[in-house]
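The listed protein sequences derive, respectively, from chains D and U.
Heads up: the first sequence at position 340 corresponds to 340 in our numbering, and the numbers run straight through without jumps.
All you need for our numbering is the position in the second sequence, starting with 1, plus 361.
In short, the hints are calculated from the structure, not lab data.
One or more of the hints may lead you astray.
Taking lysine to aspartate or glutamate pairs in the DMTMM-like style, the calculated list, with each CA pair at most 20 angstroms apart, reads [claimed, not checked]:
hint: 1; chain 1: D; residue 1: 56; chain 2: U; residue 2: 501
hint: 2; chain 1: U; residue 1: 595; chain 2: D; residue 2: 330
hint: 3; chain 1: D; residue 1: 276; chain 2: U; residue 2: 558
hint: 4; chain 1: D; residue 1: 41; chain 2: U; residue 2: 553
hint: 5; chain 1: D; residue 1: 56; chain 2: U; residue 2: 500
hint: 6; chain 1: U; residue 1: 598; chain 2: D; residue 2: 67
hint: 7; chain 1: D; residue 1: 276; chain 2: U; residue 2: 606
hint: 8; chain 1: U; residue 1: 598; chain 2: D; residue 2: 271
hint: 9; chain 1: U; residue 1: 595; chain 2: D; residue 2: 66
hint: 10; chain 1: U; residue 1: 610; chain 2: D; residue 2: 282
hint: 11; chain 1: D; residue 1: 169; chain 2: D; residue 2: 249
hint: 12; chain 1: U; residue 1: 475; chain 2: D; residue 2: 330
hint: 13; chain 1: D; residue 1: 29; chain 2: U; residue 2: 502
hint: 14; chain 1: U; residue 1: 557; chain 2: D; residue 2: 117
hint: 15; chain 1: D; residue 1: 29; chain 2: U; residue 2: 522
hint: 16; chain 1: D; residue 1: 276; chain 2: U; residue 2: 550
hint: 17; chain 1: D; residue 1: 29; chain 2: U; residue 2: 553
hint: 18; chain 1: D; residue 1: 41; chain 2: U; residue 2: 469
hint: 19; chain 1: U; residue 1: 598; chain 2: D; residue 2: 65
hint: 20; chain 1: U; residue 1: 443; chain 2: D; residue 2: 71
hint: 21; chain 1: D; residue 1: 51; chain 2: U; residue 2: 545
hint: 22; chain 1: U; residue 1: 610; chain 2: D; residue 2: 43
hint: 23; chain 1: D; residue 1: 56; chain 2: U; residue 2: 606
hint: 24; chain 1: U; residue 1: 569; chain 2: D; residue 2: 330
hint: 25; chain 1: D; residue 1: 276; chain 2: U; residue 2: 469
Pulled from the structure, derived: some chain D residues nowhere near chain U, Cβ distances all over 12 angstroms [claimed, not checked]:
hint: 26; residue: 12
hint: 27; residue: 13
hint: 28; residue: 30
hint: 29; residue: 33
hint: 30; residue: 52
hint: 31; residue: 67
hint: 32; residue: 90
hint: 33; residue: 144
hint: 34; residue: 213
hint: 35; residue: 259
hint: 36; residue: 271
hint: 37; residue: 355
From a predicted model like this one, the values you see are computed outputs, not experimental measurements.
Quick reminder that beta carbons are idealized off the backbone N, C-alpha and C, glycines included.
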Amino acid sequence: MADFNILMVGGRRTGKTSVLASMLDSYQKRFAGHDIVLSSKVETSYILEDKILSLKNVFATHCFDDEFDPDIDASPNMGKVEYTFYMSIAGKSGSKYELRFTDIPGEWFVDDYKEHEMEVNQLFAECNIMIIAVDTPHLIEDENVSLGYGRFHDEFNRPAFFTNTIMDKFLVDQDAKFASDKMVLFMPLKCEKYMREGRSYIIPQAIEKGYANLIAHLKGDNFRGHCTIAVLPILTIGNFVFSRFGENESGEVVLHPTRRIPLKSLYTFPDQRSYKNGFAPEYCEQPLVYILAYILKMVRKANDSSQNGTWKERMKKLLSFFGILRMANDQQMVVALNSISSMMIKSKEKGFQIIQNAINL
Amino acid sequence: MSQIEFSVLMLGARRTGKSSVLASMLDNFQRVTSGCDVTLSAIGETVCRLQAKKDELMNVFNTKMYGDTWVVDALLDPNSAKIKYLFNMNVHGSDNEYKLVFTDIPGEDIASAKISDIAQDMIRSHVIIITVDTPHLMEEEGRFNEAFNKISTLNQLFTADNRLFSINKLILFVPLKCEKYYHEGRMKEVREAVKKEYDVIIKHLGNKNISSKVTMAITPILTMGDVVFSHFQKNDKGLVNVCLDGVEKYRPKYVHYTFRNKNPKFSPHFCEQPLIYTLSFLRKCVQ
Numbered sequence: 001m002a003d004f005n006i007l008m009v010g011g012r013r014t015g016k017t018s019v020l021a022s023m024l025d026s027y028q029k030r031f032a033g034h035d036i037v038l039s040s041k042v043e044t045s046y047i048l049e050d051k052i053l054s055l056k057n058v059f060a061t062h063c064f065d066d067e068f069d070p071d072i073d074a075s076p077n078m079g080k081v082e083y084t085f086y087m088s089i090a091g092k093s094g095s096k097y098e099l100r101f102t103d104i105p106g107e108w109f110v111d112d113y114k115e116h117e118m119e120v121n122q123l124f125a126e127c128n129i130m131i132i133a134v135d136t137p138h139l140i141e142d143e144n145v146s147l148g149y150g151r152f153h154d155e156f157n158r159p160a161f162f163t164n165t166i167m168d169k170f171l172v173d174q175d176a177k178f179a180s181d182k183m184v185l186f187m188p189l190k191c192e193k194y195m196r197e198g199r200s201y202i203i204p205q206a207i208e209k210g211y212a213n214l215i216a217h218l219k220g221d222n223f224r225g226h227c228t229i230a231v232l233p234i235l236t237i238g239n240f241v242f243s244r245f246g247e248n249e250s251g252e253v254v255l256h257p258t259r260r261i262p263l264k265s266l267y268t269f270p271d272q273r274s275y276k277n278g279f280a281p282e283y284c285e286q287p288l289v290y291i292l293a294y295i296l297k298m299v300r301k302a303n304d305s306s307q308n309g310t311w312k313e314r315m316k317k318l319l320s321f322f323g324i325l326r327m328a329n330d331q332q333m334v335v336a337l338n339s340i341s342s343m344m345i346k347s348k349e350k351g352f353q354i355i356q357n358a359i360n361l
Numbered sequence: 362m363s364q365i366e367f368s369v370l371m372l373g374a375r376r377t378g379k380s381s382v383l384a385s386m387l388d389n390f391q392r393v394t395s396g397c398d399v400t401l402s403a404i405g406e407t408v409c410r411l412q413a414k415k416d417e418l419m420n421v422f423n424t425k426m427y428g429d430t431w432v433v434d435a436l437l438d439p440n441s442a443k444i445k446y447l448f449n450m451n452v453h454g455s456d457n458e459y460k461l462v463f464t465d466i467p468g469e470d471i472a473s474a475k476i477s478d479i480a481q482d483m484i485r486s487h488v489i490i491i492t493v494d495t496p497h498l499m500e501e502e503g504r505f506n507e508a509f510n511k512i513s514t515l516n517q518l519f520t521a522d523n524r525l526f527s528i529n530k531l532i533l534f535v536p537l538k539c540e541k542y543y544h545e546g547r548m549k550e551v552r553e554a555v556k557k558e559y560d561v562i563i564k565h566l567g568n569k570n571i572s573s574k575v576t577m578a579i580t581p582i583l584t585m586g587d588v589v590f591s592h593f594q595k596n597d598k599g600l601v602n603v604c605l606d607g608v609e610k611y612r613p614k615y616v617h618y619t620f621r622n623k624n625p626k627f628s629p630h631f632c633e634q635p636l637i638y639t640l641s642f643l644r645k646c647v648q
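This is chain D alone, in the form it adopts within the complex (with noise of 0.2 angstroms):
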């Protein structure tokens, strides 16, 4: 088992793999020479490289003026995968941690649950994070004014999934029974546009009611001291921007077949400089230096509970966290992780927003 959990959800072609491999390379980029190093597996590097690749490559083979939709999730993963990140103190052996991103496809939660309600319950159990991607435009975009939020939202990314039954599964540790304290981080993607329009602060006020059932559950008397809530909006590419959804010569949005969301999403570049900047993410490091600072908490907390708890409940807690007790003693990545946490955004002229802060991040 992997020393911290981390279960990736959102809708289909949502890009979370995409979005992973983001995540990692502009961590690297940042932070670059910093006493905490985040690397993937190697044998795994190679897939989350192409995924850059995908993504770059939307500027190598579009000239500026053209409009279209990028498709970067050409070849969506239908069942679950599993990507290992390694977190370590730069020159030093023995102080390792294992980071186990798990990506499921949403359809577990719902059309095949009884099918895979096992395994579901089982990562359910181990997971400490889940980062649930939103597709920006379509949480946003044809706004339905008395919901407040986008008409394809609740067909494209599904807010439906995390229904009560399941997200108590999450909250709560299925062996001793209580709430264990966990993070659930939005992830608004493809936010180019709205960044650009300095209208950020839609993002967040559009997740809080694209997502209401789901928020006011975690905010509930049994969860609000034990989940911490975040919106981390992200540039997924930069420089390539949201413009609309494919019509047809009516004007009207061309639907998909077998589903009630628009067939194209079309994209474009702003302007010839932003074409000529090319692919410029903004923000992708953040859900990870926000792992690393939920992780530097319950460390702390760990530490502390170990002085208070009587003996059982410590060799629970022991089992349970054991890569969060085995960092307990490890003060060099304490100190380390610390300076990470510090590099947290949390403005919300960005979109930034903590809504539930249970372990005071």
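Once you've looked at the hints, dock chain U against the given chain D.
Then chain U, alone, in the frame of chain D:
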């Protein structure tokens, strides 16, 4: 008398020209260091392999005309298996025998499940030579550098395992095919582009916990002398033709080269420098 073996790993993407540059390196080294205290001699099959590579490079001068442009990649078949090149190194006045083993990794292994073998080879190696295809680094504002030189994967190889620093190492960044930029007086740009694009590795190796165990240098090379990069072939929309699948996915499909003068000669420059750096480093290691 004892025999000491040193390992040098040639790390670079498919069709960077790693084997060819090794042939040029040895050729230049023997010319530049004749009369010096250190001599290198290829052993066994290495002699034939390097001669074959040199012949392959020379052949360009026999088959092409001034004014032509051609796709170099089509002339050079990439290696599909790991090849070891063996050399005896003799140091005047020393009783010890030194053996140098250059391991040339097939470029496609970097983009496959075989990458874990490369990670193991890196741990064992005293010197790692990262070959950089300079036209892909410099042209089109470096847009194709990642696709060709596999920077992100190299980042993982250098950061994922701290055992890499269990022995002192020399890391050489060797930009190849620098002819165009050298003759245009742009070598400073090449150096800065290497520093920018390999920033993650360079800063990681410069971390305070690692820097005392690693020596790093950039040693650019003019692989053939009078052959210069011409252009990436473009389509009628003015976009570079890109491979959309296979092991060379997202790379320019046709990379054209040309002669820079009417009497072109096989005249590599600075190719001896990676070897001189390597031997200087190894001398420090045994002192």
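Status of the hints after comparison with the structure:
no.	hint	result
1	56/D <-> 501/U	holds (13 angstroms)
2	595/U <-> 330/D	violated (54 angstroms)
3	276/D <-> 558/U	holds (17 angstroms)
4	41/D <-> 553/U	violated (29 angstroms)
5	56/D <-> 500/U	holds (15 angstroms)
6	598/U <-> 67/D	holds (15 angstroms)
7	276/D <-> 606/U	violated (24 angstroms)
8	598/U <-> 271/D	holds (18 angstroms)
9	595/U <-> 66/D	holds (17 angstroms)
10	610/U <-> 282/D	violated (25 angstroms)
11	169/D <-> 249/D	violated (48 angstroms)
12	475/U <-> 330/D	violated (33 angstroms)
13	29/D <-> 502/U	holds (19 angstroms)
14	557/U <-> 117/D	violated (48 angstroms)
15	29/D <-> 522/U	holds (18 angstroms)
16	276/D <-> 550/U	holds (19 angstroms)
17	29/D <-> 553/U	holds (16 angstroms)
18	41/D <-> 469/U	holds (18 angstroms)
19	598/U <-> 65/D	holds (11 angstroms)
20	443/U <-> 71/D	violated (37 angstroms)
21	51/D <-> 545/U	violated (35 angstroms)
22	610/U <-> 43/D	holds (19 angstroms)
23	56/D <-> 606/U	holds (15 angstroms)
24	569/U <-> 330/D	holds (18 angstroms)
25	276/D <-> 469/U	violated (30 angstroms)
26	12	holds (23 angstroms)
27	13	holds (19 angstroms)
28	30	violated (10 angstroms)
29	33	violated (3 angstroms)
30	52	violated (6 angstroms)
31	67	holds (14 angstroms)
32	90	violated (4 angstroms)
33	144	holds (38 angstroms)
34	213	holds (38 angstroms)
35	259	holds (27 angstroms)
36	271	holds (16 angstroms)
37	355	holds (33 angstroms)
Hint violations for this structure: numbers 2, 4, 7, 10, 11, 12, 14, 20, 21, 25, 28, 29, 30, 32, all remaining hints satisfied.
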